[in-house]
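Number of protein chains: 2
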Amino acid sequence: MDLPLEDLDQALRSRAARVIPGGMWGHQNITRMPVGYPQYFSRAEGCRTWDANGRGYIDYICAWGPMILGYGDPEVEAAAEAQRRLGDGMNGPSARLVELAELVVDVVPHADWAMFSKNGTDATTACLTIARAGTGRRKIILARGAYHGAIPWCSPSVVGVTEEDRAHLIYFDYNDIASLENAVDQAGDDLAAILVSAFKHDLGKEHVLPTVDFARRARALADATGAALIVDDVRAGFRLDLGGSWECVGVRPDLAAWSKAIANGYALAAVTGNDRFREGATKIFTTGSFWTASVSMAAAIATISKLRRIDAVGIMTRMGQRLRDGLAHQAARHGVGLQQSGPVQMPLVLFEGDADRRLGHAFCLALLERGVYMHPTHTMFLSAAHTEADIDATLAATDEALAAVARL
Amino acid sequence: MDLPLEDLDQALRSRAARVIPGGMWGHQNITRMPVGYPQYFSRAEGCRTWDANGRGYIDYICAWGPMILGYGDPEVEAAAEAQRRLGDGMNGPSARLVELAELVVDVVPHADWAMFSKNGTDATTACLTIARAGTGRRKIILARGAYHGAIPWCSPSVVGVTEEDRAHLIYFDYNDIASLENAVDQAGDDLAAILVSAFKHDLGKEHVLPTVDFARRARALADATGAALIVDDVRAGFRLDLGGSWECVGVRPDLAAWSKAIANGYALAAVTGNDRFREGATKIFTTGSFWTASVSMAAAIATISKLRRIDAVGIMTRMGQRLRDGLAHQAARHGVGLQQSGPVQMPLVLFEGDADRRLGHAFCLALLERGVYMHPTHTMFLSAAHTEADIDATLAATDEALAAVARL
Numbered sequence: 067m068d069l070p071l072e073d074l075d076q077a078l079r080s081r082a083a084r085v086i087p088g089g090m091w092g093h094q095n096i097t098r099m100p101v102g103y104p105q106y107f108s109r110a111e112g113c114r115t116w117d118a119n120g121r122g123y124i125d126y127i128c129a130w131g132p133m134i135l136g137y138g139d140p141e142v143e144a145a146a147e148a149q150r151r152l153g154d155g156m157n158g159p160s161a162r163l164v165e166l167a168e169l170v171v172d173v174v175p176h177a178d179w180a181m182f183s184k185n186g187t188d189a190t191t192a193c194l195t196i197a198r199a200g201t202g203r204r205k206i207i208l209a210r211g212a213y214h215g216a217i218p219w220c221s222p223s224v225v226g227v228t229e230e231d232r233a234h235l236i237y238f239d240y241n242d243i244a245s246l247e248n249a250v251d252q253a254g255d256d257l258a259a260i261l262v263s264a265f266k267h268d269l270g271k272e273h274v275l276p277t278v279d280f281a282r283r284a285r286a287l288a289d290a291t292g293a294a295l296i297v298d299d300v301r302a303g304f305r306l307d308l309g310g311s312w313e314c315v316g317v318r319p320d321l322a323a324w325s326k327a328i329a330n331g332y333a334l335a336a337v338t339g340n341d342r343f344r345e346g347a348t349k350i351f352t353t354g355s356f357w358t359a360s361v362s363m364a365a366a367i368a369t370i371s372k373l374r375r376i377d378a379v380g381i382m383t384r385m386g387q388r389l390r391d392g393l394a395h396q397a398a399r400h401g402v403g404l405q406q407s408g409p410v411q412m413p414l415v416l417f418e419g420d421a422d423r424r425l426g427h428a429f430c431l432a433l434l435e436r437g438v439y440m441h442p443t444h445t446m447f448l449s450a451a452h453t454e455a456d457i458d459a460t461l462a463a464t465d466e467a468l469a470a471v472a473r474l
Numbered sequence: 067m068d069l070p071l072e073d074l075d076q077a078l079r080s081r082a083a084r085v086i087p088g089g090m091w092g093h094q095n096i097t098r099m100p101v102g103y104p105q106y107f108s109r110a111e112g113c114r115t116w117d118a119n120g121r122g123y124i125d126y127i128c129a130w131g132p133m134i135l136g137y138g139d140p141e142v143e144a145a146a147e148a149q150r151r152l153g154d155g156m157n158g159p160s161a162r163l164v165e166l167a168e169l170v171v172d173v174v175p176h177a178d179w180a181m182f183s184k185n186g187t188d189a190t191t192a193c194l195t196i197a198r199a200g201t202g203r204r205k206i207i208l209a210r211g212a213y214h215g216a217i218p219w220c221s222p223s224v225v226g227v228t229e230e231d232r233a234h235l236i237y238f239d240y241n242d243i244a245s246l247e248n249a250v251d252q253a254g255d256d257l258a259a260i261l262v263s264a265f266k267h268d269l270g271k272e273h274v275l276p277t278v279d280f281a282r283r284a285r286a287l288a289d290a291t292g293a294a295l296i297v298d299d300v301r302a303g304f305r306l307d308l309g310g311s312w313e314c315v316g317v318r319p320d321l322a323a324w325s326k327a328i329a330n331g332y333a334l335a336a337v338t339g340n341d342r343f344r345e346g347a348t349k350i351f352t353t354g355s356f357w358t359a360s361v362s363m364a365a366a367i368a369t370i371s372k373l374r375r376i377d378a379v380g381i382m383t384r385m386g387q388r389l390r391d392g393l394a395h396q397a398a399r400h401g402v403g404l405q406q407s408g409p410v411q412m413p414l415v416l417f418e419g420d421a422d423r424r425l426g427h428a429f430c431l432a433l434l435e436r437g438v439y440m441h442p443t444h445t446m447f448l449s450a451a452h453t454e455a456d457i458d459a460t461l462a463a464t465d466e467a468l469a470a471v472a473r474l
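As given, the protein sequences belong to chains A and B, one line each in that order.
First residue of the first sequence? That's 67 in our numbering, and the numbers climb one at a time after it.
First residue of the second sequence? That's 67 in our numbering, and the numbers climb one at a time after it.
Among these hints, one or two may not hold up.
Identical copies go unnamed one by one, so any copy, or any two together, can satisfy a pair.
Under the rule of at most 25 Å between Cα atoms (straight-line distance), these lysine to any residue pairs were calculated in the SDA-like manner [said to hold, decoys possible]:
no., residue 1, residue 2
1, Lys349, Gly270
2, Lys349, Val224
3, Lys266, Arg232
4, Lys349, Ala233
5, Lys349, Glu230
Keep in mind that the hints were calculated from the coordinates and are not lab data.
All chains, full assembly: derive it from the sequences and hints.
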């Protein structure tokens, strides 16, 4: 493909270096990625995105999860636009709030109620606060290495964080029942909550689904101690099961945190809970200036309704399986040791014996050149807008990329 | 006016009682207000809003601050719509991020850089984390009773909050130099930041502007100790001075938190800082799934550009002064002891000797009946969409409302 005469991505990076610390904050700082990834994007539609230099990609990051029906899905956009003409943020919520809460309670089996906010971190933090308010206790046990947000109690970094910010956290190893029990013992009669991710999706590590035994044990321990079982479904929500990701293992939490895909890209997060924690949720003070804004709620209603109607989980599962099977077949043919993990709708693709990521980076860069955007270490995302033709076009690119990796 | 046959607000409250804890969370729970206020809204345009029952109001809450150019301002909406057609959340930011950061750095004298997020609380929390990262220290001193957000370190409630969440906070009294000095002494060599609101705008209490002496002393103490001076401009930002509210007292912070009015209602927040804290801001990890979304940034560019072009601060000052003068004149005529405080663009109207809020509630309810939405205890907001005709229509209503209060 022809590169533009001017490298707009590089020009924007130079300008950003002056007015944005480090050029970009957080996980979207491209210096965390192999050289060759674009920092800036100019356009997105369906399952495709274009970088600032105009190069188009079939997208397997989906805006880091929020895009689930396709960028600019017409049904979602029409609902958002209709609400926008009426009003977005006002002095209070609109009827959309009640309609959305009713829909969520209808779709999510554990939910007797719902509350809404803007960030995944808002939702996980509110879950902790509700659990503490509801139990009158302080300790939270959670899995080592799990990502639950980016404020001091949960940030993956400790820069600017004080010891006290994490004073009441006790860690266990995901899927390790003995370590879970040990953590519960340590918390003693001060256990407010057991906090678990939908599945183990730590950065750069093989993704692992919860075992049924682990999930049941977490539920039983919460019941025995009176603590809350919280599932952090921010990343996985709406891709594994519309009713919550632990429906897959037959275990229902007391509280769950949601965000990302809930409104197909509109900024929204949610906490759902059961009646045992309704009083705790009522007593806490949590709010934000934009939390009752109606456009994102109208978008969420349209998103969840369409996800249910078209069986989006089914579509993503079929497309994800097609991608996984194709990759496995190609890897065997090229003699490359591929380590595919995570649910097929949220794949992670690693290479065996690739501690320095040399193979993973080469693979992803070869894909970028061929118009496919994958990530070497982060959970990826399928959407309901990915078609068989998109998967097959992707597999044509991966075949060449794996051939290149095989030559390294 | 005619009420609808059906009370839609009440119907929505009944439905919400089932699926939302307490019917509503946070400051927007109408049970915090006198009986008679609507919980639900159906529409907003210019400086007017309509509740779920179709009753229209001239609005002095402005969606709790975010609306500053008028609901649905055509310039802001056109910019947002143009960006929406390209893309909102994508795998990285668009050029709008760089353009917005450049604009903010241009408009805000203390700013050498900017970062963006979604909630005011995101911004105040990032300021603390940056100050701690930049200084390697832990203590934050802040004014007793000030509102800086709604997560455990700063929430006005302690329900679900642990002691450790506030372990490194030391309190002083706003505008009280001796108590500020005492707090700085207490922090010793562990002082990371002095955090101040743009002005004292505690709920239900007379609002007070910072004195020049207090502001200068805060700046001098930060300089002498190497701590950061942080101005929380979330509520006041863009209404007192586009360059930051402490420009009014000639003192520049090292860091400032912004949100609310920055994008005329689109969910966005910002941290600005100077070069002394660029490294701290670079080192911390802060992020969110929707933080690089471009539509809110396009809206912010349009909002700030228009605010500057039309001298919105001047408009709000003139309209606010017209309202204040009119109210003062009416109160004197009716023999009612009115206590008007805060900058005229962000007024608080209290009644003398009204500890139980009987007069304030009666005043506000009388205004509601007359199509004016004011708040009895919270900072109110003027916008650049309020015209002389709107203020005069408001004053016609306040004249009757004050007459009613005078009869109590």
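Going down the list of hints, with the structure as the test:
1. Lys349 <-> Gly270: Between copies, since 21 Å is at most 25 Å while 39 Å is not.
2. Lys349 <-> Val224: Only across copies: lysine 349 and valine 224 sit 10 Å apart there, 30 Å inside one copy, limit 25 Å.
3. Lys266 <-> Arg232: within (21 Å within a copy, 31 Å between copies)
4. Lys349 <-> Ala233: Answer is both; intra-copy 23 Å and inter-copy 23 Å each pass.
5. Lys349 <-> Glu230: Answer is both: 24 Å inside a copy and 20 Å across each meet the 25 Å cutoff.
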